[in-house]
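Participant: The listed protein sequences derive, respectively, from chains D and G. Position one of the first sequence corresponds to residue 1488 (this note's numbering), numbered consecutively onward. Position one of the second sequence corresponds to residue 359 (this note's numbering), numbered consecutively onward.
Hints in this document: simulated from the structure, not taken from any laboratory. Among the clues, some could well be false.
The following residues of chain D were derived to be distant from chain G, with all beta-carbon distances above 10 Å [what the hints assert, rightly or not]:
hint, residue
1, Thr1489
2, Leu1499
3, Gly1502
4, Arg1507
5, Ala1508
6, Leu1510
7, Ile1521
8, Pro1538
9, Val1551
Derived coverage of chain D by chain G (criterion: at least 3 residues anywhere in the stretch with Cβ under 8 Å from a Cβ of chain G; other residues may be distant) [said to hold, decoys possible]:
hint, stretch
10, 1523-1529
11, 1539-1550
Only a predicted model underlies this, so the values are computations on that prediction, with no experimental measurement involved. For glycine and all other residues, C-beta sits at the position ideal for the given N, C-alpha and C.
This is what each chain is made of:
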Amino acid sequence: MTVTVNGEVRELPEGTATVRALLDAMRYSFPLLIVRVNGRLVERASYASEPIAAGDLVDVYHLVSGG
Amino acid sequence: MTRQEYRERLREKRVGIAGAGGLGSNCAIALARAGVGSLVVADFDRVSLDNLDRQAYFLDQVGMLKIEALALNIARIDPSIQVEAHAVRLDRGTLAAIFSDCDVIVEAFDAAEAKVMFIETLLEELRDRPLVCASGVAGYGRPESFRVRRSGALRMVGDFESGVGPDNPPMAPRVGIAASMEADLVMEVLLA
Chain D
1488 MTVTVNGEVR ELPEGTATVR ALLDAMRYSF PLLIVRVNGR LVERASYASE PIAAGDLVDV
1548 YHLVSGG
Chain G
359 MTRQEYRERL REKRVGIAGA GGLGSNCAIA LARAGVGSLV VADFDRVSLD NLDRQAYFLD
419 QVGMLKIEAL ALNIARIDPS IQVEAHAVRL DRGTLAAIFS DCDVIVEAFD AAEAKVMFIE
479 TLLEELRDRP LVCASGVAGY GRPESFRVRR SGALRMVGDF ESGVGPDNPP MAPRVGIAAS
539 MEADLVMEVL LA
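When you get a sec, could you build the whole thing from the sequences and use the hints?
Facilitator: Here it is in structure tokens:
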């Protein structure tokens, strides 16, 4: 399945059906992320239930402390 | 546009800044110097001696509320700039109301959890309002690692990995670069 993650086209393993699975497949292990799918914010509590489909545009931002 | 025409346009603008620490104080000073006419600043904290390593305050301001010290410092640059200061701890309940009439809102928090709260709350409550945020500003060196990422109304600066830790404190040069990049993205929004 092909999706665009942070502007790059990625081939994800079959069965990568949710935001949680996508984050695991991409090895995004930071504890605090902002995830947008097709421009819409996905809150942390919904990662495991939010579906990902072929052709989706996904933006993932790592949030780390400092300022 | 000429310098004067730019300043006249910025004079009419109102910018929100959530947090008045390293990012917020330096970003506010840059925007004040650039000619932004109205700033809304919120922070509950007081200036401490340790803050002087990167924040836009002075030794004789230790102990003052940061928002009060910041308003004084901006007034020394241009007393006609309107500064609306809120001594509050920003949370999901207060954020949107305080910044609701701003043209663009800057995230200038320290803690990653607060950054997430800012983005989630304002994307939800003030849809399509331009937001400028920072992530990954600690330590020193590798200035070329700073990037800007844009996704709709959301703009973010930083290297997205250098978090503050016991061996990786925030330091003036990198925090200053990030604060200036945030201010520059505000200019991009305001003058678009």
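Participant: Kindly indicate which numbered hints from before are broken by the structure, ordering the numbers from low to high.
Facilitator: 7 and 9
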